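So the chains spell out like this:
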Amino acid sequence: MKPIEFFLALRFLREGRSQTLLIFSGATAGVAVIVFLTSLIVGLQDSLVEQIMGLQPHIVVEPIGESEPPRIYEPEADEYVFTRTEPRPGRIDEIGEWATVVETIAATPELVAVSPVAFGPASAVRGQILEPIEIRGIDPATYNDVIEIEGRLVSGEYEFEDQGTIIGVDLADELGVDVGDRVRFVTAEEESHSFTVRGIFDVGASGPNQSWVYVSLREAQSMLDLSEGVTAIQVTIDDLFDADDVAERLDLYVDHELRSWQETNEDLLRALRTQSASTILIAVFVAISVALGIASVLVVTVVQKRGQVGVLRAMGGSMGTILRVFLIQGATVGLVGSIFGSVLGTALALGFNNFVRDEQGEVIFPIEPSPTIFVMACLLATLTGLLAAVVPARRAARMDPADAIKNA
Amino acid sequence: MSESILRLEEVTREFGEVVVTRVLKGIDLRIEPGEFTSLVGPSGSGKSTMLNIMGLLDRPTTGGVFVDGESTTDLDDHAITRLRGRTLGFVFQFHHLLTGFSALENVMMPAAVDRGKFTTAMRERAEALLEQVELLEHETKNVQHLSGGQMQRVAIARALTNEPKLVLADEPTGNLDTHTADRVMDLMRRINEELDTAFLIVTHEEARAESCERLIRLVDGEIVEDRPGKDA
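In order, the protein sequence lines correspond to chains A and V.
Per the numbering used here, residue 44 is the first one in the first sequence, and the count goes up by one each step.
Per the numbering used here, residue 921 is the first one in the second sequence, and the count goes up by one each step.
Keep in mind that the hints were calculated from the coordinates and are not lab data.
Check before you lean on any hint, since a few could be wrong.
As the list claims (entries may be wrong) - 20 angstroms max Cα-Cα, derived DMTMM-like pairs, lysine to aspartate or glutamate:
#1 A/Lys449 - V/Glu1091
#2 A/Lys449 - V/Asp978
#3 V/Lys1085 - V/Glu1125
#4 A/Lys449 - V/Asp994
#5 V/Lys1061 - A/Glu58
Stated by the list, open to error - Chain A stretches covered by chain V per the calculated footprint, using a threshold of three residues with CB under 8 angstroms from any CB of chain V:
#6 160-171
#7 181-195
#8 351-358
If you're wondering where the values come from, they're calculated on a predicted model, not measured in any experiment.
Note that the Cβ used here is the ideal one computed from N, Cα and C, for glycine as well.
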């Protein structure tokens, strides 16, 4: 590219004011739609993932189950036996040597937190009220780094000493209890255990608020009749999207079942992927529309500038020079349009954050256009402008100079 | 004897595939350095076609075009474009200046296109040329704001930017009133004398043609007259 080609391209754009304004507007609108829509979808997905992952560990280590029962039939060499292991009724599977597993996992470089837990079904009883609950025995020191509860307390403290419990806000309402009140939990074995409510949490989801009951790991082990074992080990890593890979790696060292959140939420991820694909498709169609707009205006410009193109060729301008002059125009329209479009898209996002709110006046989910979206939009728009200019530019470059001057 | 700037040898030009029209029928012509020549002929005689071939804007069907003794027959588009830019200058009836550009930018353009950028030397040369055509005070003006005669003078200055050996002018006064046309003709003649640049001027005005030192008459694609101008 020579400086004179940029000079000519920019002057041609400046000269064709109304046409230039038209294609700049088209590119700006297109990029604004892409930036806003992509930010909207990213914001929605982030909010969804955050909401779900705020209540889930990234990786869960669970017991494989009972060891395979002895075969009652020894197969011949050419025979196969298909077996299925059924869990023993009424018995919760546990990880006995959990301290070793925790130690192994602790060596993972990506690790943020690892915490053993003992979960099991029970009922909360107060007077005539009986509510099904899930006993969640935790190690308070490590669990809060896996799923934050302390920061979500609406009253009381993150405290489990002396048979303390932390329950959800909905369950507290149902039972009519508050911090300091006593509450009774009855296990599947119909054993009754009494606890003092030390804290009430609100995680923003009705299920957990209704049924999760936190007690200390030791209490849960006793209630669920676990022999010093735990029902799972929960893990959080620094980048949740690496969970699959980390789980796969840990599987080589840990002799239990490892499941990443991606595996657990396969349907959600499929839905998110479909949504992302739709966004890309919309962006592509918008880019095509912008490209057609730029191309059609540039075609008109080529016709209008026929005489000038002919003269430039006559005075020694090569076909390459003419080609590049029009390609630069297309790319410039795309680039400048993307800058204005990014600003407009950001303004739309800010408008969404300010004006679109739920019934409580809260932001439904925040949209924050990222620099990556701007860079991608700039690249996409510049490339679109460049490609859109190919046909008009080739047409201009191939113009016969004598004809161009004669018919101008 | 010095080499002709431009030489046409048995040049023919045909148009059409099914119905073939032969517009030029074996033209032989030499343009010598410093000549001030007119090309006249009735409409449809092939003047523009001949000018395009001489200006390397078109290629002959048969025959050869030689610039400074060098054949252009086998040159590719890039080489032809370069040769054209450096050897020839053009003045058109409708000036064809780049609108939206200043007079100075228009005059600098052939050199800038050749070298890919504007330089101080180009600017100095362009200013000197604008001074020569008495338009230096209008150098920063957008050419759209100049009169017809002024625009044609800018076009002449532009044609001289790369110090061409030959300027091909296609009806340069055809769109001007008599007084302005006289001034433009005088300007071209003065430049011819001062810079020794050859001019070939296509015109339909006999009087102007006769004022040139050489007159070539084209009729039905053939040169029927090639003689000194009567009023030269």
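Each hint, compared with the structure:
1. In summary, the hint linking A/Lys449 to V/Glu1091 is supported, as the alpha carbons are separated by about 12 angstroms, within the 20 angstroms threshold.
2. The hinted pair formed by A/Lys449 and V/Asp978 meets the criterion: a straight-line CA distance of about 12 angstroms does not exceed 20 angstroms.
3. Under the criterion of a C-alpha separation no larger than 20 angstroms, the hint pairing V/Lys1085 with V/Glu1125 is inconsistent with the structure, at around 25 angstroms.
4. Restraint check for A/Lys449 and V/Asp994: the C-alpha separation of about 25 angstroms exceeds 20 angstroms, so the hint is violated.
5. For the given pair, V/Lys1061 sits about 15 angstroms from A/Glu58 by alpha-carbon distance, which is consistent with the 20 angstroms threshold.
6. Counting residues of the segment 160-171 of chain A whose CB lies closer than 8 angstroms to any CB of chain V gives 0, which falls below the minimum of 3, so the coverage claim is violated.
7. Figure legend: the segment 181-195 of chain A, annotated as covered by chain V; annotation inconsistent (0 residues with Cβ-Cβ distances under 8 angstroms, at least 3 required).
8. Figure legend: the segment 351-358 of chain A, annotated as covered by chain V; annotation consistent (7 residues with Cβ-Cβ distances under 8 angstroms, at least 3 required).
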